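In case you want the letters, here they are:
There are 2 protein chains.
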Amino acid sequence: MNKQHNYLIVGLGLLGGKYALELTRAGYTVDAIDQNEQSLAWAMEQGYIRSGKACDFEALVSNADRIIFALYPTTFLAWFGQYGHLCKPGCIFTDVSGVKTGLVEEIQALCPAGVEFIASHPMAGRETSGVQNSVHVNFAPANFIITPTAQNTPQAIGWVRRLAQTLGFHHITTLNCAEHDRMIGYVSQLCHAIAVSLMCANDNTSLSEYTGDSFRDLTRIAKINDKMWAELFLWNKQNLIDEIDQFSIALQQMKQALITDDRTGLEEMFRLSTARRAAFDKKD
Amino acid sequence: MNKQHNYLIVGLGLLGGKYALELTRAGYTVDAIDQNEQSLAWAMEQGYIRSGKACDFEALVSNADRIIFALYPTTFLAWFGQYGHLCKPGCIFTDVSGVKTGLVEEIQALCPAGVEFIASHPMAGRETSGVQNSVHVNFAPANFIITPTAQNTPQAIGWVRRLAQTLGFHHITTLNCAEHDRMIGYVSQLCHAIAVSLMCANDNTSLSEYTGDSFRDLTRIAKINDKMWAELFLWNKQNLIDEIDQFSIALQQMKQALITDDRTGLEEMFRLSTARRAAFDKKD
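So the sequences go chain by chain: A and B. 22 is the number of the first residue of the first sequence in our numbering; add one for each residue after it. 22 is the number of the first residue of the second sequence in our numbering; add one for each residue after it.
Among the hints, erroneous ones may be present.
One copy or any two copies: either way a pair holds, since identical chains are not told apart in the list.
As the list claims (entries may be wrong) - With a cut-off of at most 25 Å between alpha-carbon atoms, the simulated DSS-like pairs for lysine-lysine come out as follows:
1) Lys24 - Lys244
2) Lys24 - Lys258
3) Lys74 - Lys276
4) Lys276 - Lys24
5) Lys74 - Lys258
6) Lys248 - Lys74
7) Lys109 - Lys248
8) Lys244 - Lys276
9) Lys109 - Lys276
10) Lys258 - Lys248
11) Lys258 - Lys109
12) Lys74 - Lys244
13) Lys248 - Lys24
14) Lys248 - Lys276
15) Lys244 - Lys109
Treat the hints as calculated values from the structure; they're not laboratory data. Here the structure is a predicted model, which means the values were calculated and not measured.
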């Protein structure tokens, strides 16, 4: 990574703010674009960014050597359709989107000559939002996933890998877009769908005094940013629907074992889940 | 609680062992009955109990002033049917069972004259088992629930409350058996059913390197004692089936919102779950 490069963050929220903070700490020059003037003023005051603009930002875009788009997918597509032509040849950029299919190739198709989009996903969300909370995001234990396509060059892939290292990620891997979205549909979105459904099933607020760790652990992620997650769910809907179906089959199998007093069947499910869960323990 | 009383633990496993340890620490005399000679020998060596028997234990039963049954419900019923008549008048006993309906009144009906059963449930399970692990059980943050019936006396209810305090529980409440089992069906059993189903849905062991906190939190309790949980699930099957049905309706509602691209419907579910989950936060 070249410290002479101008870095630009588009979307200075929780993740964009954390990228700005870590890049500035590492000695890079960082500007930002955000629609919220207060976020920009706060980030300048804190020294997260050198400058920021909510409008008239064309010069920031055309001067940028490296850009990070920290926007919702729909906004990212719309924004790039309008302003992507301003990027200069040699500009490489990445994103933070939690879904990739239907986004990455579309953005790549919009890139001017000499401009490259290498997609990536920092799996480090939190229940909070806003640049003011970004200092609390912890990248070190999180996964950073690079999702290259046939269009990408080794140079761009190498850059985003070094970016992830600079940001403090310890676990950096590569998947293609389809693999990424299937994995996300299971390990992240299905978990959120379950936690939300558990809270929506009925009003059990009165039970809060009886809940133990299991209930609390299962529903912690039911506190959820409604706009962002509706967007992510719909963007990846086919994978998520498939996962909901597979999960529902397993749950109905358990219900059937209960109805028929099939103790052996229940015990088999418990032994299977115990064995499979053990593979995850090493990282607990 | 009277320190002259002879305490007896029947079933010296994880919970029975912890009861023995805490009662002995508090200055009570504790004997134990267990089918495993090694558990008894270990507990005597560690000073958890004064003496223990795997057979020929009739004198231990008839000398006991206070008994704690730390057995699975089916074993508890069978054991008491065979040996309950040995209890002496004035003997008060409790249990640790995670389900109450179909157990408490049945045991009470078997009690000899002057012998009283006051049921209770220490909500402090762990993924481990065995007396050797009982020192790691932490009662302080857990709920202790007393489930009296019309048969119970204030004296027995007062005793089990003081027992819970002696064991270190900070949060002691009272429910009737039906309320208890409904609550357990939701906050504990449904959570375990979901976690197990999530692991059984397909073999995702290869995804372990991508999982974040949400998946890990959701599936921690999928490591499960197969015999004990099959027993508890079947014992409370109607409540659990009802909860599975309610949860499935909410999950299918979410799936339907995905199919129909109903962003507003998804956002409404997310806002509802966020608001409800907030009521649980105070205790996180």
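Could you place Lys24 and Lys258 in one of the four classes (within, between, both, neither) given a Cα distance threshold of 25 Å? neither (40 Å within a copy, 64 Å between copies)
I want to check one pair: Lys74 and Lys276. Are their C-alpha atoms no more than 25 Å apart within a copy, between two copies, both, or neither? Neither way: Lys74 and Lys276 sit 56 Å apart in one copy and 40 Å across, limit 25 Å.
Is it within a copy, between copies, both, or neither that the alpha carbon of Lys74 lies no farther than 25 Å from that of Lys244? Cα proximity of Lys74 and Lys244: none, with 31 Å in one copy and 51 Å across.
Cα distance capped at 25 Å. Does Lys244 pair with Lys109 within a copy, between copies, both, or neither? Close neither inside one copy (40 Å) nor across copies (54 Å); limit 25 Å.
Within, between, both or neither, where Lys258 and Lys109 count as close if Cα-Cα is 25 Å or less: Result: close neither inside a copy nor across copies, 35 Å intra and 65 Å inter.
25 Å Cα threshold - placement of Lys248 relative to Lys258: within (15 Å within a copy, 38 Å between copies)
Could you figure out if Lys248 and Lys74 sit no more than 25 Å apart (CA to CA) within one copy, between two copies, both or neither? within (24 Å within a copy, 62 Å between copies)
What label fits Lys248 with Lys276 when the C-alpha limit is 25 Å: within, between, both, or neither? between (34 Å within a copy, 17 Å between copies)
At 25 Å max between alpha carbons, let me know whether Lys276 reaches Lys24 within a copy, between copies, both or neither. Classified as neither; 59 Å inside a copy, 47 Å across copies.
Using 25 Å as the alpha-carbon threshold, which applies to Lys24 and Lys244: within, between, both, or neither? Classified as neither: same-chain Cα gap 39 Å, cross-chain 48 Å, threshold 25 Å.
Tell me, please, which holds for Lys74 and Lys258 at an alpha-carbon limit of 25 Å: within, between, both or neither? For Lys74 and Lys258, neither the intra-copy (34 Å) nor the inter-copy (60 Å) Cα distance is at most 25 Å.
From the Cα coordinates, with 25 Å as the cut-off, is the pair Lys109 and Lys276 best called within, between, both, or neither? For Lys109 and Lys276, neither the intra-copy (59 Å) nor the inter-copy (43 Å) Cα distance is at most 25 Å.
Violated hints for the displayed structure, listed by number in ascending order: 1, 2, 3, 4, 5, 7, 9, 11, 12, 13, 15.
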